[in-house]
Amino acid sequence: MLAVAGGVAARADELVPSGAVPLTRDTLDAWRAHILPGADELAYAAVPWHVTFADGLEAARAEGRPLLLWAMNGHPLGCT
Amino acid sequence: MPCADEVWRLQRGDDPECRAFRAMADEGHYRGKGGTRQGIYVVAPTGELLASVNALDPQRVLATLREGLLAWETSAAGTTGARGLGGAAKAGASPGSAAPPRISGAAGDEGAARPVAPTHRWEDSYPDDGLALVVRLRDLGDPPDPHAPPAVKWNQDHAWWSAEEVATCVPADAAVGDAWDLPAVLVERLARFHLVDAVVGQALPFAPEELVTAHLRAEVVSADDGLLALRLQGEFAADADGTWRLGENDWTPKRPWPRGVRWELLGDATWDRAAGTFTELSLTGLGAWWGRSQFNGRGRAAAAAPDGVPRGRLGVVLSVAPDVPAHRVAPAFVDLYDADWIVRPPDGAPRPTRAEETPGS
Numbered sequence: 001m002l003a004v005a006g007g008v009a010a011r012a013d014e015l016v017p018s019g020a021v022p023l024t025r026d027t028l029d030a031w032r033a034h035i036l037p038g039a040d041e042l043a044y045a046a047v048p049w050h051v052t053f054a055d056g057l058e059a060a061r062a063e064g065r066p067l068l069l070w071a072m073n074g075h076p077l078g079c080t
Numbered sequence: 081m082p083c084a085d086e087v088w089r090l091q092r093g094d095d096p097e098c099r100a101f102r103a104m105a106d107e108g109h110y111r112g113k114g115g116t117r118q119g120i121y122v123v124a125p126t127g128e129l130l131a132s133v134n135a136l137d138p139q140r141v142l143a144t145l146r147e148g149l150l151a152w153e154t155s156a157a158g159t160t161g162a163r164g165l166g167g168a169a170k171a172g173a174s175p176g177s178a179a180p181p182r183i184s185g186a187a188g189d190e191g192a193a194r195p196v197a198p199t200h201r202w203e204d205s206y207p208d209d210g211l212a213l214v215v216r217l218r219d220l221g222d223p224p225d226p227h228a229p230p231a232v233k234w235n236q237d238h239a240w241w242s243a244e245e246v247a248t249c250v251p252a253d254a255a256v257g258d259a260w261d262l263p264a265v266l267v268e269r270l271a272r273f274h275l276v277d278a279v280v281g282q283a284l285p286f287a288p289e290e291l292v293t294a295h296l297r298a299e300v301v302s303a304d305d306g307l308l309a310l311r312l313q314g315e316f317a318a319d320a321d322g323t324w325r326l327g328e329n330d331w332t333p334k335r336p337w338p339r340g341v342r343w344e345l346l347g348d349a350t351w352d353r354a355a356g357t358f359t360e361l362s363l364t365g366l367g368a369w370w371g372r373s374q375f376n377g378r379g380r381a382a383a384a385a386p387d388g389v390p391r392g393r394l395g396v397v398l399s400v401a402p403d404v405p406a407h408r409v410a411p412a413f414v415d416l417y418d419a420d421w422i423v424r425p426p427d428g429a430p431r432p433t434r435a436e437e438t439p440g441s
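Chain order of the listed sequences is A and B. The first sequence runs 1 to 80 under this note's numbering. The second sequence runs 81 to 441 under this note's numbering.
Calculated directly from the structure, the hints in this document are not laboratory data. Don't take each hint at face value.
What the hints assert, rightly or not - Pairwise CB distance ranges (calculated):
id	chain 1	residue 1	chain 2	residue 2	range
1	B	PRO96	A	ARG25	48 to 54 Å
2	B	GLY306	A	ALA46	45 to 51 Å
3	B	ASP403	A	PRO37	17 to 23 Å
4	A	ARG25	B	ARG424	26 to 32 Å
5	A	PRO37	B	ASP94	32 to 38 Å
6	A	ALA46	B	ALA243	40 to 46 Å
7	B	ALA287	A	ASP40	48 to 54 Å
Predicted model, so just to flag it, every value in this text is computed and none were measured. Ideal placement from N, C-alpha and C gives every residue a C-beta, glycine not left out.
Make a model of the complete structure from these sequences and hints.
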């Protein structure tokens, strides 16, 4: 462990959830369901996004329709 | 036509796709050149801007979409009133002008075609025959309780391994009862690039020497018809004192960001002996984070921490990504992957790092 980070890191060790509901085979499904996004949180994923500007523009041209572009630091469909 | 893309590359790259984006976005809500171009854009098929905004307020976004559609419909109908937005203005119209703006690009309009094909996309390295995971992270409450309403903040990323890398994960003669540590190529990539505090925003990766523990053990619990059922259990820990150990690249921060994580993970996987790959994999983890980095959204937590060092808990679920376009998006840190099968962009002139180019951070 890096010495300069040691003191703070030691306190981080105490934060790992291991109290009332630790991660075990019996609690695994409950934790998984708790962490995964729900249907309402994934509503955006139902949109048939093109995943690059070039692909979206090409499709817009092919259909003669305007493009809605969502551009963020980090891909909006990945880590943003 | 809905489209989503990563703006960092688009606003600084030097290929037809990036140049087309900047020509459009430089007319938008931020105006001028340089700086971030994040936002929502309505774009004519020619690539010309119709409307744009960068806002979290859904009503403002909705108003912008309507504005863009109105500009499009007005121009398509050959009437005035496209309001001098970038695309219409470029097409020769001004508000109230007698000459209607003409935004070309309807189907069959050959004059509209302009090359915007990229010369390099990280997505071109997608491991078709390998393993792609979707990584979902979420903040946990205090105390953490899986039966309580989940915290609002969550995020996702993708993690990639080539077929050759995956093939090293399970011994060819593995039998029921066998147990082993999964190889470093799997474990270290997870630990350095994916088990990070990216719940609220993009984090920084860890250097190899910042890993305290990186350990994922597999055990065969059953074998049937060429499929092995595996149980997985792992522990990960990393601490960074803030010294940047990953060289000069897009992620190089302007200042030290001490930070760390702790993880406990459990999961299951199915291994296909004949294919030499995982057909199913699910890994769930509970963890803790301390410290922060420039873009990972923990500034308020830092300000509230008595010693200035924020801490919290988080969870992660990793599972095999569906093979659909939305899940072929490249991992955030793909450019730092220690993998020769990742196709790199051609070398260009030195460009500002994310930390240097993003204001107000």
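Verification of the hints:
1. PRO96(B) / ARG25(A): 48 to 54 Å: holds, 53 Å
2. GLY306(B) / ALA46(A): 45 to 51 Å: violated, 36 Å
3. ASP403(B) / PRO37(A): 17 to 23 Å: holds, 19 Å
4. ARG25(A) / ARG424(B): 26 to 32 Å: Distance hint for ARG25(A), ARG424(B) is violated at roughly 42 Å.
5. PRO37(A) / ASP94(B): 32 to 38 Å: For PRO37(A) and ASP94(B) the Cβ distance comes to about 36 Å; the hint holds.
6. ALA46(A) / ALA243(B): 40 to 46 Å: Given about 31 Å between the Cβ atoms, the range is violated.
7. ALA287(B) / ASP40(A): 48 to 54 Å: The hint (48 to 54 Å, Cβ to Cβ) is violated, given that ALA287(B) and ASP40(A) are roughly 38 Å apart.
Hint violations for this structure: numbers 2, 4, 6, 7, all remaining hints satisfied.
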